[in-house]
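Residue numbers (UniProt numbering), protein chains in the order written: chain L, 1 to 247; chain G, 1 to 247.
Incorrect hints may have been included.
A pair counts as met if it fits within one copy or between any two copies, since identical chains are not told apart.
What the hints assert, rightly or not - Under the rule of at most 35 Å between Cα atoms (straight-line distance), these lysine-lysine pairs were calculated in the DSBU-like manner:
#1 K103 <-> K223
#2 K125 <-> K89
#3 K172 <-> K16
#4 K103 <-> K235
#5 K16 <-> K218
#6 K223 <-> K191
#7 K222 <-> K147
#8 K235 <-> K10
#9 K236 <-> K119
#10 K192 <-> K10
#11 K9 <-> K172
#12 K232 <-> K183
#13 K16 <-> K198
#14 K235 <-> K35
#15 K191 <-> K235
#16 K9 <-> K103
#17 K7 <-> K119
#18 K144 <-> K232
#19 K9 <-> K144
#20 K198 <-> K144
#21 K103 <-> K183
#22 K87 <-> K16
For the record, the hints were derived by calculation from the structure and aren't laboratory data.
Protein chains: 2
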Amino acid sequence: MVYQVKKIKKIIESIKDTEYFQQAFLHTSYLNELKLMRKVDSEQDSENNLKSSYETLEFLGDSVINFYTSLFIYHRFPNYAEGQMSKLKQLMVQESTLAHLSKEIGLGEFLQLGTGERKNRGAEKESILADVFESFVAALYLEKGGKMVQRFLNLTIFTWVAGKENMVWDYKSQLQEYCQARKNRIIYRLKKTIRAEKQQLFIMEVSDGLGTFRESGKGRSKKEAEQQAAAKVIKKLGIGENHPQES
Amino acid sequence: MVYQVKKIKKIIESIKDTEYFQQAFLHTSYLNELKLMRKVDSEQDSENNLKSSYETLEFLGDSVINFYTSLFIYHRFPNYAEGQMSKLKQLMVQESTLAHLSKEIGLGEFLQLGTGERKNRGAEKESILADVFESFVAALYLEKGGKMVQRFLNLTIFTWVAGKENMVWDYKSQLQEYCQARKNRIIYRLKKTIRAEKQQLFIMEVSDGLGTFRESGKGRSKKEAEQQAAAKVIKKLGIGENHPQES
Chain L
1 MVYQVKKIKK
11 IIESIKDTEY
21 FQQAFLHTSY
31 LNELKLMRKV
41 DSEQDSENNL
51 KSSYETLEFL
61 GDSVINFYTS
71 LFIYHRFPNY
81 AEGQMSKLKQ
91 LMVQESTLAH
101 LSKEIGLGEF
111 LQLGTGERKN
121 RGAEKESILA
131 DVFESFVAAL
141 YLEKGGKMVQ
151 RFLNLTIFTW
161 VAGKENMVWD
171 YKSQLQEYCQ
181 ARKNRIIYRL
191 KKTIRAEKQQ
201 LFIMEVSDGL
211 GTFRESGKGR
221 SKKEAEQQAA
231 AKVIKKLGIG
241 ENHPQES
Chain G
1 MVYQVKKIKK
11 IIESIKDTEY
21 FQQAFLHTSY
31 LNELKLMRKV
41 DSEQDSENNL
51 KSSYETLEFL
61 GDSVINFYTS
71 LFIYHRFPNY
81 AEGQMSKLKQ
91 LMVQESTLAH
101 LSKEIGLGEF
111 LQLGTGERKN
121 RGAEKESILA
131 DVFESFVAAL
141 YLEKGGKMVQ
151 RFLNLTIFTW
161 VAGKENMVWD
171 YKSQLQEYCQ
181 ARKNRIIYRL
191 KKTIRAEKQQ
201 LFIMEVSDGL
211 GTFRESGKGR
221 SKKEAEQQAA
231 AKVIKKLGIG
241 ENHPQES
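For reference, chain L alone in the conformation it holds in the complex:
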């Protein structure tokens, strides 16, 4: 996947001098070291001007990402069932995805880690990389608002997921496999096309040679409609739980 790194860097740069940005990359291990040093350096009350680590921004960022990702899925895949939406979202916001993106766009380089964590190569840890993706998004939200966050997610998570929907939800392949094992044959046929407002909708029907099933699916492309039809068959026949495949 090729990301528009220049555009992404520009967004990162735009808030680089803010306090929220500083906090977004401040790991507890660094803060603890800082506290320790100050205690040694002077007797003054350290409660006063010590910064916070990134955890609370991470808390906020998590739900900011969840929200815009849900909104993206809801608008982009209006024909998905709730279960499909949930699983796709899970894939998009899971630790490995956010850590991958964090690495791609170089968020790790801003991390402030304590000595121990630095020695442990903390800046390469999946959990920490995913954390700062979230805390950075929160900082971006607080500094620039929702529109900018949407732009940033468009360039990262929503770019990452493009083309993966079908890999994740390949009901057609699942059904194919099931039928092949039973020497059964699958037939897809176009049942109807509908012009609804500005878009065209296809209704595809799937049935089999042995006459065990017949279902229809709706979609903005024939493939999408076929996937929906296949999904219905899989549900009716009760073929296994469909966990999203890592890709």
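Add chain G to chain L, keeping to what the hints say.
Using the frame of chain L, we list chain G on its own:
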């Protein structure tokens, strides 16, 4: 808790004639009945003009509520640790809370249930009542945007939680209990007050008669600062996991 029901009803009324509103209260059981009737009534393709049930709106509404609730907590309780924020959020968005609110503001009356579900008193089920709180919020978001959702949540969840923060996070009481059992005595004292920008901050110190602990906490009120100090002691002494209490 007294809710401003008039204001809430006005918000509900404002989208009552929209398709999203219709969908937000359409339970699968009703939809299935509808499909069955149409199949009996006519041979026409039912894919075409059948509505969807509320599940996908519920999917969206869940993350809308999560987002605005996180934002509320982040701004309202800036001194909370991440763990406290998470637990408070969990309390605010959990099924029993949303179901309670749904009942209080009469969302159940709009539900469209199938005959079976109606006989089972589906409109009184916690799970269904919580579902439609979420799907309604999604409909409100899609029709009126985020500002209106915030207004609605202010009148419902954020009103509900007012005053409950301390009941949930009563570290002082926990510490009191712990010390009493050990014939130990707790001393709170004001250590410092700070003027930071527009607000005043208090730093309170907590220690004990036996000299086992001494911690400081910061807050916008003395009570908040004491709570934070007590929380630190509880963490250091490793006194149990602090699950939020139902209230």
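To see whether the hints hold, each was checked on the structure:
Taking the shortest alpha-carbon separations for K103 and K223, only the intra-copy value of 33 Å comes in at or below 35 Å, while the best inter-copy value is 43 Å. Taking identical chains as interchangeable, the C-alpha atoms of K125 and K89 lie at most 35 Å apart whether they share a chain (22 Å) or sit on different chains (27 Å). Taking the closest pair of Cα atoms, K172 and K16 never come within 35 Å of each other, the shortest separation being 46 Å inside a single copy and 39 Å across copies. In the homo-oligomer, the alpha carbons of K103 and K235 lie at most 35 Å apart only across protomers (34 Å), although the nearest pairing inside one protomer, at 38 Å, exceeds that limit.
Taking identical chains as interchangeable, the C-alpha atoms of K16 and K218 lie at most 35 Å apart only when they sit on different chains, with a minimum of 28 Å there against 46 Å within one chain. Taking CA atoms no more than 35 Å apart as the test, K223 paired with K191 passes inside one copy only; the shortest distance there is 13 Å, against 68 Å between copies. In the homo-oligomer, the alpha carbons of K222 and K147 lie at most 35 Å apart inside one protomer (33 Å), although the nearest pairing across protomers, at 38 Å, exceeds that limit. In this assembly of identical chains, the alpha carbons of K235 and K10 never lie at most 35 Å apart, being 46 Å within a copy and 41 Å across copies at closest.
Taking CA atoms no more than 35 Å apart as the test, K236 paired with K119 passes between copies only; the shortest distance there is 26 Å, against 53 Å inside one copy. When the C-alpha separation of K192 and K10 is checked against a cutoff of 35 Å, the pair qualifies neither within a copy, at 47 Å, nor between copies, at 42 Å. With identical chains, the CA atoms of K9 and K172 are never at most 35 Å apart, being 39 Å at best within one copy and 46 Å at best between copies. When the C-alpha separation of K232 and K183 is checked against a cutoff of 35 Å, the pair qualifies only within one copy, where the shortest distance is 20 Å, while the shortest distance between copies is 66 Å.
When the C-alpha separation of K16 and K198 is checked against a cutoff of 35 Å, the pair qualifies only between copies, where the shortest distance is 25 Å, while the shortest distance within a copy is 42 Å. With identical chains, the CA atoms of K235 and K35 are at most 35 Å apart between copies only, with a shortest distance of 18 Å across copies and 56 Å within one. For a Cα distance limit of 35 Å, the shortest separation of K191 from K235 inside one copy, 21 Å, qualifies, whereas the shortest one across copies, 64 Å, does not. Within a single copy, K9 and K103 get their C-alpha atoms as close as 13 Å, which meets the 35 Å cut-off; across copies the closest is 48 Å, which misses it.
Taking identical chains as interchangeable, the C-alpha atoms of K7 and K119 lie at most 35 Å apart only when both belong to the same chain, with a minimum of 32 Å there against 57 Å between chains. For a Cα distance limit of 35 Å, the shortest separation of K144 from K232 across copies, 34 Å, qualifies, whereas the shortest one inside one copy, 43 Å, does not. Taking the closest pair of Cα atoms, K9 and K144 come within 35 Å of each other both inside a single copy (15 Å) and across two copies (33 Å). Within a single copy, K198 and K144 get their C-alpha atoms as close as 33 Å, and across copies as close as 22 Å, so both meet the 35 Å cut-off.
Neither within a single protomer nor between protomers do K103 and K183 lie at most 35 Å apart by alpha-carbon distance, with minima of 46 Å and 54 Å respectively. In this assembly of identical chains, K87 and K16 lie within 35 Å of each other by CA distance both inside one copy and across copies; the values are 34 Å within and 31 Å between.
Violated hints, in rising order: 3, 8, 10, 11, 21; the structure is consistent with all others.
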